[in-house]
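Chemist: Single-letter residue listing:
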Amino acid sequence: MLSIILLSIFGIVVLFLGFQKSKNILLPATLLCIAIAFAANFVHWNDAPGLYFKEMLFENRLTMSFSAIVLLSAFLVVALTRGFADDEAAQPAEYYAIILFSLVGAIMMIGFDNLIMLFLGVEILSVSMYVLTGSDKRNLRSNEAALKYFLMGAFATGIMLFGIALLYGATGSFNLTDIRGYVGTNSFSISTLLYVGLLLVLIGMLFKVSAAPFHFWTPDVYDGAPTVFTAFMSTIVKTAGFAAIYRLLSGSFEGIYNFWWFTLAAITILTLVVGNITAVYQQSFKRMMAYSSISHAGYLLLSLTAMTAQTPDAIVFYSLAYSLATVSAFGVLMAVAREKSVQSHENAEDFEAFNGLGKRNPLLAFVLTVSMLSLAGIPLTAGFWGKFFIFGTIVERGNLIWMLIVAILMSAVGIYYYFKVIIATYMKDGETGALRVPPFYRIVLIVSTTLTLLFGLIPKLLS
Amino acid sequence: MNYLPSDYLPIIVQLVLALGFIVITMLVTHNIGPKRNSKLKDEPFECGIEAKGDARTPISIKYFLVAILFVLFDVEVIFMYPWAVNFKKLGLFGFGEMILFMGLLLAGFYYIIKKGVLEWEK
Numbered sequence: 001m002l003s004i005i006l007l008s009i010f011g012i013v014v015l016f017l018g019f020q021k022s023k024n025i026l027l028p029a030t031l032l033c034i035a036i037a038f039a040a041n042f043v044h045w046n047d048a049p050g051l052y053f054k055e056m057l058f059e060n061r062l063t064m065s066f067s068a069i070v071l072l073s074a075f076l077v078v079a080l081t082r083g084f085a086d087d088e089a090a091q092p093a094e095y096y097a098i099i100l101f102s103l104v105g106a107i108m109m110i111g112f113d114n115l116i117m118l119f120l121g122v123e124i125l126s127v128s129m130y131v132l133t134g135s136d137k138r139n140l141r142s143n144e145a146a147l148k149y150f151l152m153g154a155f156a157t158g159i160m161l162f163g164i165a166l167l168y169g170a171t172g173s174f175n176l177t178d179i180r181g182y183v184g185t186n187s188f189s190i191s192t193l194l195y196v197g198l199l200l201v202l203i204g205m206l207f208k209v210s211a212a213p214f215h216f217w218t219p220d221v222y223d224g225a226p227t228v229f230t231a232f233m234s235t236i237v238k239t240a241g242f243a244a245i246y247r248l249l250s251g252s253f254e255g256i257y258n259f260w261w262f263t264l265a266a267i268t269i270l271t272l273v274v275g276n277i278t279a280v281y282q283q284s285f286k287r288m289m290a291y292s293s294i295s296h297a298g299y300l301l302l303s304l305t306a307m308t309a310q311t312p313d314a315i316v317f318y319s320l321a322y323s324l325a326t327v328s329a330f331g332v333l334m335a336v337a338r339e340k341s342v343q344s345h346e347n348a349e350d351f352e353a354f355n356g357l358g359k360r361n362p363l364l365a366f367v368l369t370v371s372m373l374s375l376a377g378i379p380l381t382a383g384f385w386g387k388f389f390i391f392g393t394i395v396e397r398g399n400l401i402w403m404l405i406v407a408i409l410m411s412a413v414g415i416y417y418y419f420k421v422i423i424a425t426y427m428k429d430g431e432t433g434a435l436r437v438p439p440f441y442r443i444v445l446i447v448s449t450t451l452t453l454l455f456g457l458i459p460k461l462l463s
Numbered sequence: 001m002n003y004l005p006s007d008y009l010p011i012i013v014q015l016v017l018a019l020g021f022i023v024i025t026m027l028v029t030h031n032i033g034p035k036r037n038s039k040l041k042d043e044p045f046e047c048g049i050e051a052k053g054d055a056r057t058p059i060s061i062k063y064f065l066v067a068i069l070f071v072l073f074d075v076e077v078i079f080m081y082p083w084a085v086n087f088k089k090l091g092l093f094g095f096g097e098m099i100l101f102m103g104l105l106l107a108g109f110y111y112i113i114k115k116g117v118l119e120w121e122k
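Going down the list, the protein sequences come from chains A and L. According to my numbering, the stretch in the first sequence is residues 1 to 463, in order. According to my numbering, the stretch in the second sequence is residues 1 to 122, in order.
Hint data in this document are derived by calculation from the structure and do not stem from the laboratory. If you're wondering where the values come from, they're calculated on a predicted model, not measured in any experiment. Treat the hints loosely; a few may be bogus.
As the list claims (entries may be wrong) - DEER-style ranges, computed between Cβ atoms:
| # | chain 1 | residue 1 | chain 2 | residue 2 | range |
| --- | --- | --- | --- | --- | --- |
| 1 | L | Tyr-8 | A | Leu-151 | 28 to 34 Å |
| 2 | L | Glu-97 | A | Phe-440 | 40 to 46 Å |
| 3 | A | Phe-388 | L | Glu-97 | 45 to 51 Å |
| 4 | A | Thr-185 | L | Phe-109 | 46 to 52 Å |
| 5 | L | Leu-90 | A | Ala-309 | 42 to 48 Å |
| 6 | L | Lys-35 | A | Gly-169 | 46 to 52 Å |
| 7 | A | Phe-388 | L | Arg-56 | 54 to 60 Å |
| 8 | A | Phe-262 | L | Leu-65 | 48 to 54 Å |
The beta carbon of each residue, even a glycine, is placed where N, CA and C say it ideally should be.
Turn these sequences into a full structure, and let the hints guide you.
Modeler: This is the structure we're talking about:
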């Protein structure tokens, strides 16, 4: 819980650091802030679980692991920003401050013990994301994306809030433990309001993680937002969102599993099919990654539908594998697209941007290949074990094998569009001339790739 | 805490009355009374400036900034009223919390001044 307080203070500090003449201090300062918050996150590792702030927030080893993933991916993404040095119109101090504040929201979502905190966390994270999406003020697409995201997101939050109100109406409490108690004691006379409320809250949350019937904003927003914030969005929001859904379902509503599992199963199947099939038809790498993020939301939902004892571990591992691979994929895209957009102003984010990358910069090509393999779930990468654990929870549940079959078919579809990128990288001829990448940037990419491979070889490392 | 559907009847009655009042008044005003329109009659006579051009003209962003900042700093008073009412009950803890809140708020205010948002002519 220390990390929430620290991040809030750091956010204000970074905001005021922006008034200094030199902008060079901002990037190291922000990285230092996130690193300190990361360390502070583990302060209570040994005396967990605990309740904080008048039973508003909850902390145990699981929430700490989720927070650690969020902070780690934030660290990597912030390191990829390069301080926005080559963008005249950028406001680095504000961006970093908003990122730090949004992390507060993410950690609140991960460890809420009161529905008010869930709402606050979702709002802090979402409002920050709306702003960052529209941060490229002179770009029409960025503005469009921000407005779309804001309008739809505000609607989804409204629906979620309505659901929370109904849950309060049914149980008389916002507290997860009290709601659990209500579900447990009145198992034969549960108010209809509770069912409706749960569904509305789930709709709101599933919107935030872009599950299928509520995914329409995702491609436009991911495409329009500046790439570095797309990377931020697709890792942090997703991890925090799934942690929150898991906490809600396991913390309060395990007693009525028979009510919600079918809804979640239907959404899962729809998400997997829509995400994977649509991704095949994309020309832009960023849009493909948007649909790929939808499909990964489907895999994570798969594990939530199973809701066994292994589910939390599977979600933690999968979120980590997904975040690392996504960060490195967007990192390579940024390096390639930046070079290209300087030369010509055409759309630099298509698959063709990677043509000939294998010759121009073997390191970038390797990083991209590993991240694509990890996203596709090929062995020796973290993504494989992520999928393995997720599928393991479904097998453990037993009666949901049909979902497993759909999921495996869909990951086969996934291999097609991930390999399209690898083929463009190595097989196709593109521009020649070496692509130079700053050393710091290279270190970040090497770190995330190494972690992907390390967790792929020794998945037991994380326990 | 069990409600029958019939318990919600007053809400329906209220809804029907509200809608019914609007519909009936609109119907009645449209059907009673003669309709004689002319260009001169539709103009605003002795009530304000003559209408010219489109309402959607670009307005300086400064107005929005000042308006939104006014809302931000105005709304915070909402928190101060209940705090002031319960001041004795909350004691030193409540005082500390409010100092923290005001501190954060003033940090924001300082940020705005530093950014030069309130300088009108720049």
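Chemist: Against this structure, judge whether each hint is valid.
Modeler: Each hint, compared with the structure:
no.	hint	result
1	Tyr-8/L <-> Leu-151/A: 28 to 34 Å	holds (31 Å)
2	Glu-97/L <-> Phe-440/A: 40 to 46 Å	holds (41 Å)
3	Phe-388/A <-> Glu-97/L: 45 to 51 Å	holds (48 Å)
4	Thr-185/A <-> Phe-109/L: 46 to 52 Å	holds (49 Å)
5	Leu-90/L <-> Ala-309/A: 42 to 48 Å	holds (44 Å)
6	Lys-35/L <-> Gly-169/A: 46 to 52 Å	holds (50 Å)
7	Phe-388/A <-> Arg-56/L: 54 to 60 Å	holds (57 Å)
8	Phe-262/A <-> Leu-65/L: 48 to 54 Å	holds (50 Å)
The structure agrees with every numbered hint stated previously.
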